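> Each chain, written out:
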Amino acid sequence: MLHIFCPHCAEYREEEEFHAKGQAHIPRPLDPEALSDKEWGEYLYFRKNPRGIHHELWVHAAGCRKFFNMTRDTVTYEIHETYKIGEKPTVTAQS
Amino acid sequence: MNQKNRLQSGGRIDRNQPMSFEFNGQLMVGYQGDTLASALLANGVDVVGRSFKYSRPRGIVTAGADEPNAVVQLGATEATQTPNVRATQQELFDGLVAGSTNGWPSVDNDFMGMVGKIGGSMMPPGFYYKTFMFPQSLWETYETFIRKAAGLGRSSKESDVDVYDRMNQFCDVLVVGAGPAGLCAALAAARGGARVILADEQSEFGGSLLDGKETISGKPADEWINKVVTELEKTEDVLLLPRSTVNGYHDQNFLTIHQRCSDHLSDRAPTNQPRHRMHRVRAKRVILATGAQERPLVFGNNDIPGCMTSTAVSTYINRYGVAPGENLVVMTTNDYGYQAAMDWHDAGRKVSCVVDTRETVTGYVVDAMHERGIRIMTGSAITEVHGSKRVKAVSIAPINEDGSKVVGPAAKWNVDTVASSGGWSPAVHLSCHTGSRPVWNDDIIGFVPGPTVQKQLTAGGINGCYELENVFKEGLGAGKQALKELGLEPTRLMTPKVESHERNPAMALFLVPHRKPMSRAPKQFVDYQNDVTAGGIELACREGFQSIEHVKRYTALGFGTDQGKLGNINGMAIAAQVQNKTLPETGTTVFRPNYTPITFGAIAGRDCGELFDPKRYTAMQPWHVANGALFEDVGQWKRPWYFPKPGESMQAALNRECKATRESVGILDASTLGKIDIQGKDAREFLGRVYTNAWAKLPVGKCRYGLMCGEDGMIFDDGVTSCLGENHFLMTTTTGGAARVLEWLEIYHQTEWPELEVYFNSVTDHWSTMTISGPNSRKLLAELTDADLSNDNFGFMDWKTANVAGVPARIFRISFTGELSYEINVQANYGLHVWEQLFAHGEKYNLTPYGTETMHILRAEKGFIIAGQDTDGAVHPHDLGMSWAVANSKPFSYIGKRGMAREDCVRPDRKQLVGLKTTDPNVVIPEGSQGVFDPKAPIPMPMVGHVTSSYWSENLGHSIAMGLVKGGLSKMGEKVYYPQADGSVIEAEICSPVFLDPKGERQNV
Amino acid sequence: MQRYSGFELFKQSLSHHENWQSVWRNPKPKDKYDVIIVGGGGHGLATAYYLAKVHGITNVAVLEKGYLGGGNTGRNTTIVRSNYLWDEAAHLYEHAMKLWEGLSQDLNYNVMFSQRGVLNLGHTLQDMRDIQRRVNANRLNGIDGEILDTKQVQEIVPMMDCSANTRYPVMGASWQPRAGVARHDAVAWGFARAADAMGVDMIQQTEVVDMIIEDGTITGVKTNRYGDIKADKVGCVVAGNSSVLANMAGFELPLESHPLQALVSEPIKPVLDTVVMSNHVHGYISQSDKGDLVIGAGIDGYNGYGQRGSYPTIEHTVQAILELFPMFSRVRMNRQWGGIVDTCPDACPILSDTPVKNLFFNCGWGTGGFKATPGSGHVFAECLAKGELSELAKPFSMFRFHNGALIDEHGAAGVAH
Amino acid sequence: MSEANNNVRLVMDQLPGDDIQGRSPLHHADLATVAAQGSQEGGVTIQHHPLVGLLTLRCNAGDADQMAAASKLLGVELHCQPLTSSAGEGVAVRWMSPDEWLISVDGAKAFDLETAFHNDMPGHYALVNVGGGLTVLEVSGEHAVDVMMKTAPVDFHLNTFPVGKVVSTVFAKSSATIRRLADDRFELVIRRSFADYLWLWLQDASREYGLVVRT
Ligand SMILES: Cc1cc2nc3c(=O)[nH]c(=O)nc-3n(C[C@H](O)[C@H](O)[C@H](O)COP(=O)(O)OP(=O)(O)OC[C@H]3O[C@@H](n4cnc5c(N)ncnc54)[C@H](O)[C@@H]3O)c2cc1C
Ligand SMILES: NC(=O)c1ccc[n+]([C@@H]2O[C@H](COP(=O)([O-])OP(=O)(O)OC[C@H]3O[C@@H](n4cnc5c(N)ncnc54)[C@H](O)[C@@H]3O)[C@@H](O)[C@H]2O)c1
Ligand SMILES: Cc1cc2nc3c(=O)[nH]c(=O)nc-3n(C[C@H](O)[C@H](O)[C@H](O)COP(=O)(O)O)c2cc1C
Ligand SMILES: [Zn+2]
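Sequences listed follow chains H, W, A and Z, in order.
FYI, the numbering used here numbers position 52 of the first sequence as 52, with every residue one higher than the one before it.
FYI, the numbering used here numbers position 507 of the second sequence as 507, with every residue one higher than the one before it.
FYI, the numbering used here numbers position 10 of the third sequence as 10, with every residue one higher than the one before it.
FYI, the numbering used here numbers position 64 of the fourth sequence as 64, with every residue one higher than the one before it.
I should point out that these hints are in silico values taken from the structure, not numbers from a laboratory.
Any given hint could turn out to be false.
Per label pair, the in silico range of CB-to-CB distance [to be verified]: (1) Z:33 x W:645: 30 to 36 Å; (2) W:921 x H:30: 49 to 55 Å; (3) H:10 x Z:37: 41 to 47 Å.
A few chain Z residues that face chain W, going by a derived Cβ cut-off under 8 Å, partial list only [unchecked claim]: (4) 10; (5) 12; (6) 15; (7) 24; (8) 32; (9) 51; (10) 84; (11) 200.
Note that the coordinates shown come from a computational prediction; the quantities given were computed from them, not determined experimentally.
Glycine included, each C-beta is placed from N, C-alpha and C at the ideal position.
Can you make the complete structure from the sequences, with help from the hints?
Given below as C-alpha cells:
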C-alpha cells in the first residue's frame, strides 16, 4: 500500500485517502475541432503505460481534494516525487 | 489417558493448572502453558491426521508455524467451528475441543488410507491431467468424487459470534520477532527514544531462547528475557505484541500484524472483546528478526509418526516437559542437531545414536556425546524408516562424502523416534513479500534476504547468523542502525555474554540417498501436507517441468497451509539436483502473504454485517420509517421506494401514488440529489464548458436543465442548475453522480482551466429537498408560505426564496413529473419540520407521499430520461432525441462536442431512444427485453435495442415504455418485437416517448 | 505424442512412472520462423496450437520471458462464462465456450473444465434491469442463461446469506449453467504439449527486448537470450506487457496495466458448488477441487507491473465475501497474489493489426480473458494465417478507438470478470 | 426572512425563528435518554454537538488583502499553514485545503458572518453555509486515541498530531474532519447522512473500553 506525500497537505498519508487518475500531463487539445478522429481518439484513449518511471495524476480525495502529480516506478512502486499541477517532474525516465 | 510422555519436571508449563480437553472424542489433560500439540504428545497421541492425497497417518513434526501435519478442527459449538488450526500454535485452554480433519471412519483406521496404499502408485503428480477424459460426459461424475476428498477442516454453518478489530499503527521501528535478535533490536531502538512495536507470533517473548537451556551472562536465559521485556514494557512509545504474527509486508513499509487476542482463552472471545485484531502498521523502519527454521531431512517413509525435526524434540522437552518417545535416533548434517540428543538424554530417555552424514566431526559435540555415552555414526544416514502408525525401526547405512549414494549395507535399529536436522533456512518470507528475491549463501547453506527497496534491516537467524553472541550483536546493531537512519541518537549497550562453541562445518544435504532410485525408493516426503515426494519432483522435472515454478504447480509443492515452510528448500534442492543445476540457479518460488494463514474475520474487521457499508439517510428518514416506506438502495442511500398501505400490493400502491399526484398532489423526498454550490465570476463560463447546452444568458432567478457528457460525447450526468446570483449557481446532479460530478468539475478546474475564477462546494447534505407535484401543489404551498405563487410572478423554471412553514427556503418551480411542481429546499435540520407541516396541511388535498418507483413512472409518462437507466456508456444526447439540449454555436468546444462528432457517433442507424406502445395495452414489456424487427429470424437474432424503462400507467390506462431502437427516431409508427423467455413475443409500436401532455401544459399552469 | 489415458497411467505405474515423456522439448530457437508468438500464456499457446492444427502452419515459435503459463494464465480465478452483453463480445466468448466443451479431448489433456454454473448476483433494481437486459440478449444470441429470484438463488447456494437483513440483500441473479471453471495451469500445459507435438517451438526464459522493423514491416524480434530471431509475422500476446511491446514497435495502445489480485483460503470441505459473483458488493468466489475458496475482486486504481496490489483491496474483497457468506469468518486466507491486467477503456479485448505491417496484437483482455483462451487463440490464429482480421476479430480492432465504435462491456465485465 | 443580495451572490438567513427547533441528524436517537440510562463510566466518551453553525470559506491564501480581511472578519487568524486550526471566542477555523477553511460559529451566527463577508471581503471568494450538511461529534477519554486509530488511517501520536491539528481523512467507510482538542479529546465534523452509520461504528469500536454517551 502506497504512502503518499500530498504536496498540499505537506505530509505523508495513506493510499486509502487518494485516487489515481491515470497518466499525467495530457493537456486537453485547445482546438478539438481541428483534430481528426484519430487524433481525438489518441487523446482520449491511447496511453504510455510504461514499465518503470511513470508520471501520473492523483487526487487527495478524502483529504484536501486537490489534484497533484506523482512520479512513480510501476515495478517497484517507489514514489520518487509528488508535485503540484503546473510543475514539472524532476525525475524522468531519461534522467 | 494419562500423560505418559510428560517428564517429571522442567518446562515452562504450570503443573498447578491442569486443563482438560477433548481430542477426537477422548478426554485428555494438559497444563497451562501447553500447546495443543505438546499436550497431545504428552498424552501419547501419535496420529493426529491423515495426509491429503494418500491418506497416510501423520504425526506432529515441528513445534511451530512450519507444522504441516497437525492441522485440526477446533470448536465446541457450531458457531465456533474453526478449520485448520495448527496444533503447534494453538495454546491449550480448559475445555478445548479438537479433532482430526481427515480420516474415515477414524484417523487411526482410515478407509482412504487403504485406497492410498493400493491406488497411490496410480497417483503421481498431475495424474488427473492425464485421465478422467473419456468419455467426455463422465468428467462431472469423476469430479464429484474428486471433490468428495477435498479440503481439510470444515467451515462453520453459522455466522460467527465474535467480533474482529482493526487498528492503524504508526511507528519508527517495527521489530518482527522477539528472539534474542529482536529483543536486542527493540531494546536498542527503544533506548534511543524511537517509537517501537515488537511483535512475535508466540505467546511469550524470547524466541529460540525459550526452547533451549542457554545461559546468558551466567544466568538462565529466562532472567535476561524478563529484564529486557520489563524494560521495554516500561518505556514510553513501545508497543509489545505477543501472539501477533506479522503476516504481510507490503509496499513502502506497510505491514499487517494479526494479533490473536483471545484464541488462548476460549473458543469465544470474552464479551465485548475482539477475538482477533489486525494492526495495519506503517513503519519508518522494519527490523526483521524472524530467525530461521530447521529443515528436516528427506528420507524413506520420513512421514511416519515419530519423525520430527531436532529442534522440535528439544522444544518439547525444554519448553513443555514432554519427551515424545522412548528411544531416539538423531540424524544430522550439522552440529546443532546434537542438541536434541543431549536434551533427550538429559531428560532420562534413551538415545540410540546420532547419525551424522558428515565424514568427520570433532570438538564440542563429540565431547558432549562422550560425556553422555551416546554413540555417533559418521558418514551415515537413515535411509528409511519402518513402521506404520509409529516409527518402529530405522535403516542406517553408510553414504559417500557428498551424500549422493549409499555405499554399504544398511543396519536396522529399533527406535521409536527420529529427529532430523538438515540445517537452517532463514525465515526470509516477509522480506520477499514486496517482490525482493532471496539470495543463496553457500556459507550458511541457505537463502538470505536479497536487495529490497523497502526500508528494512535484518538481524540474527534470518541472516544465517546463529551464534548467540553474534545474534545479540546483530540485534543491537540493527536497532542502532535504525536510530541512525531516523536521525536519533543511539545509546551505548553492552552485548550480553554467552558461552560459544567452535563448530564443525555443516554439510549441504537435502535428500538422503536410498539404495533404490527416487522413483522406486519408499516414499521420501518433501512436502507432507500435499504428499509431495522426491520421486514426484523428479518425475515433474523429467516431464519437462523444469522451472521451479512449474515444479511447484505440477506437484503442489508449497501449496499447503504451511506454504512450504518445512519442505520448500528441500524440494528446490531436489529439483536442482535432478536437473544438474545449482540451488541458486533453480531459485525459490515466490513468497507471498500470508506468513501463516489468518482468518477472514480479522481481515474484514468490523466492516461486516450492519457496518458492511454505510447506510445514508435523509432528514426525513424517521417519517418514512414511521409511514411504512419500503426502501430502495441507491448508491449508499436508502431511498423510499414506495409507501404501501397495510395489505396493499406494490402495483396498487404505485397506482394510488401516481393518480394522487396527477389528480391532486404528491410529495417526494428528493434530498439525495447531488447539489453543488458554484461561485465566481467565471461560473457561467465554466457551466458552458461542462454542459452541452448554453448558459451565457440564464438570468438570475431562473433554472435550466443541462446534460453533461464525457469527452467521448456520451452522457455522463444530468440535472437542473439554477442561477442564484450573477456569479452564483446551484447545480443538481443525479443521486449516484454527486461525488463523481464534483470531482469532474474539480479536475477540469484544477488541471485544465485554473484561470477561471470559480469555487465548487458540495451542499448535498446541507439541503433537504422535497418536491410537491400535482395540480393542487400551489394551493398546498400557498397555505404555508408568504410568497406570491401566481403563475405570472413565479413561473415555470423560476426559483425564489421565501419562508415555508416558517423556515427560510429556496423554492424551485421545476418539474420531473410534468405537473405543476415546487421543489422546496430548506436547511436539513429543518427538513423534517417542513415535511411534517406540509402533511399537516395536506390532508385535504390527499397529499400523498411517493417514492422512487412512482417518480420513475411519472417521469416516464412524460418521456423524461434517467441517466444510468435510459442511458449507458454508449448513448449521446442526439441518440436520446435531445439535440435541443446541445448548443453547437457555443464559442468554447464544450466537453463532449468533439466526441459526439466521431464517425461512429454520427451513424444514422445508431440506437436511439423512443417511446414504445404495446399493441396489447395491458402488457407491460419487461425492462431489459431485447427488441428485434423480425421475430421469426433464427437464433442468433439480430437485436435492435432494449427496453430501458417500462411501467403500467394507471393515469393513462395502458402500459408505457421507452427503449433504444436502431434508427428509432426515424421509425415512428413502425413495429418492434420483444421475444420473451417463455416463447411469447410482445409487439410494440415505436412512438414519441412523451405519452402524456405532449405540449407540456400541465406544468405551466 | 504419448497419449494420456487411464490405461496409460496404469501401464506407466508398473514401471514406477519412469517412462513418461517430456511434455515439450525445450529446444533452442531456429534462425527464422513463419510466425513468432510473443508470450507463452494461454492465449499465445492456443494461438500457436490452432496455427498448427487448423492452418497447418507449424514453423512457429512461442517466446516466453518466464515460464509457460506464468503470467495471468497462471494466476487467475479461472471463471469461464460467455454471457456477455453485446453481440460482438457474446459471439467471441461463446465461440470460446464451444471450444472449451471439447478441449480436454482435443488436447488429450484434462483441463478440468467444470461446468458448475456461474451466478451473477443482483442487489439493486438497476442490477436486476441489467441482468434482464443481458440474459435476454444472451438468449437471442443462443447463449444459455436464466434469471433467478432470491429463492432460486438460495436453492443453488444454500450457504449464502440471501435474507432480507443484509446490507444489500440478494434480489436475484443471472445463471449460466454451462459456465464454470477450469484448471488454469492445465490449459497452458495442454496447449503447449499439443502444439509442441505438431512442431511448434516453445522457447522459455527468453524475453523479447526489441522489434526488428524495416520499412514499416516487422521482420523479427530481438531477444535477451538468443539474439535476433527472424519471422514473417509476429503476434504479440503478452497481456499486461502489451504496452511495453507496442512501445518497442513505436506506437501506443489504449491500455493501462493494473494490478489485479486474488486470494485463496485454506482448503476446507466442499461447501460451495458453483461460482458466485457480485458486482455490487464487489467480490466473487468459487471452491476448487482441492477445497480452497478462490476469491477475487476488482483492480487497483493505479498502473502497476509488480504482480502485487494494495492491501485495502484485499480487505474490501474479504468484507464482500463475508457479506455473502458470514459463516466463513473463521476460515483463513492462505495466500494472496496479483497479476498485471491490460485494461481497455471499453472492457473489451483488442485483436488487431497495427501500424506496423505483419505485426498483430492480441491484448486488452484485462480482468477477464481466461475464459476466452481457446477462442482467442482460434480467432487470432486465423488472423495471423490470413494476414487480416477474421470476421469475429474485426469489431475488436484497436482502430475502434479512433472512430468511436467501442463495445462497452463494463456492465458484463463488472468485477474483474 | 433576510437576504443580502446584490445580484452577484445569494446570501440568505437559513434559520427560522426560535419557535422552530432544528433537528440534528441524530435527533431521532434520543441521545439524552441514552446518556441518562447508559453507563456513566468508561474508557471512551462520545458526545454529539448538534446544530453548530458551519461554513466553508474558499479564498486565495496567496492574496494578502483577502487573508487580512478574512482574519479580521473572523476575529481569528486565517492560517495558510496546512492542517492547522485557530480558535477564538465562539469561532474556530480549520484548514481544509490550500484555498479552503471550515469555520464553526454559534449556530445562529452563520448568517451574520456571511453578511459581513458579503459586505467586506474583497476579491474572488466563496463562503458557503454547510451547517445543515455536517454535524459535530466529540470523542474523548482514556481510550479515545484507540478508537480513533481503529477508525482512521492517520497517526494520532501527540508528536505528529498535536492539539489543534486538523486532518480530513477516511473515517471508517465515510469521511471526517478531525481536530484534536486536547490530549484525549477529538472533535469530528462528519456528514449528516452518514451520522447514523458513524454513530453505530463508534459505539461498536468503543465497546471493548466501556462506552459513555454524553449530551
Ligand atoms: C487475479 C486475476 C484473476 C483473473 N480472473 C479471471 C477469471 O476468473 N476469468 C477470466 O476469464 N479471466 C480472469 N483473469 C484474466 C485472465 O487471467 C487473462 O485475461 C488471461 O489469462 C490472459 O492470458 P494471456 O495468455 O493473454 O496472458 P498471460 O497469461 O499473462 O501471458 C502473457 C505472457 O507473455 C509473457 N511476456 C510478456 N512480455 C514478454 C516479452 N517481452 N517477451 C516474451 N514474453 C513476454 C509473459 O511472461 C506471460 O507469460 C484474471 C486475471 C487475474 C490477474
Ligand atoms: N531456530 C533458530 O533460528 C536457530 C538456529 C540456530 C541457532 N539458533 C539460536 O537462535 C538464535 C537466533 O535468534 P533470532 O532472534 O534470530 O531468532 P529466534 O528464532 O530466536 O526468534 C525469532 C522469533 O521470530 C518470531 N517470528 C518469526 N516470524 C514471525 C512473524 N512473521 N511474525 C511474528 N513473529 C515471527 C518467532 O516466533 C521467534 O520467536 C541464536 O540464539 C542462535 O543460537 C536458532
Ligand atoms: C485458481 C488458483 C488456485 C490457487 N490455489 C492455491 C493454493 O491452494 N495454495 C497456494 O499456496 N496457492 C494457490 N494459488 C496461488 C499460487 O500459489 C500463486 O500464488 C499464483 O499462481 C501466482 O503466482 P506467484 O505467487 O508465483 O507470483 C492458486 C492460484 C490459482 C490461480
Ligand atoms: Zn492533501
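> All the hints need checking, so say for each whether the structure fits it.
Verification of the hints:
At roughly 31 Å, the beta-carbon separation of residue 33 of chain Z and residue 645 of chain W lies within the given 30 to 36 Å, and the hint holds. Checked against the given bound of 49 to 55 Å, the beta carbons of residue 921 of chain W and residue 30 of chain H, roughly 54 Å apart, stay inside it. In this structure the hint that residue 10 of chain H and residue 37 of chain Z lie 41 to 47 Å apart at CB holds, the actual value being about 46 Å. The restraint placing residue 10 of chain Z at the interface with chain W holds, with a minimum CB-CB distance near 4 Å, inside the 8 Å limit.
Hint on residue 12 of chain Z holds. Least Cβ distance to chain W is approximately 5 Å, under the 8 Å limit. Below 8 Å, beta-carbon pairs count as interface contacts, and residue 15 of chain Z has one with chain W at about 7 Å; its hint therefore holds. The interface hint given for residue 24 of chain Z is met, as the beta carbon of that residue sits about 6 Å from the closest beta carbon of chain W, less than 8 Å. For residue 32 of chain Z, the shortest C-beta to C-beta distance to chain W is roughly 16 Å, which exceeds 8 Å, and the interface hint is violated.
Look at residue 51 of chain Z: its Cβ gets to within about 6 Å of chain W, closer than 8 Å, so that hint holds up. Given the 8 Å rule on beta carbons, the hint for residue 84 of chain Z is violated: about 20 Å separates it from the nearest Cβ of chain W. A hinted interface residue such as residue 200 of chain Z counts as satisfied when its beta carbon comes closer than 8 Å to some beta carbon of chain W; here the least separation is about 6 Å, so the hint holds.
In terms of the numbered hints stated before, the structure departs from hints 8 and 10, listed from lowest to highest.
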